[in-house]
Amino acid sequence: CPAKPGWLNNDMRGTREVSQSTNGDTLWLVRIYRGQSRFTLSAILSGSPKQVQDGTVVLNMMLRTMNIVP
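Just so we're aligned: the sequence shown equals residues 850 to 919 in the working numbering.
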């Protein structure tokens, strides 16, 4: 776990990255930190950044509904 992970928009500590792969896919990667555990969620979206914009929004909306109970 990083020394000071950021906060996701639903008050969970973690990081979110959206990047482009070498073949043009959009990579969505979220790490959520809870105690000594790390949960990783990932998605690969094919298409141009404009084509996958809605998919990225949906993934972020799904993330807001998550709640990890210790």
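These are calculated hints, taken from the structure and not from any lab test.
Certain hints may be false.
Claimed, not checked - Label-pair distances were calculated between CB atoms; the ranges are: (1) Pro898 to Val918: 32 to 38 Å; (2) Gln869 to Val918: 19 to 25 Å; (3) Arg887 to Thr914: 31 to 37 Å; (4) Ser895 to Asn916: 26 to 32 Å; (5) Ser897 to Trp856: 14 to 20 Å.
Virtual Cβ for every residue (Gly too), placed ideally from N, Cα, C.
Non-conforming hints, listed in increasing numerical order = Result: hints 2, 3, 5 break, sorted rising.
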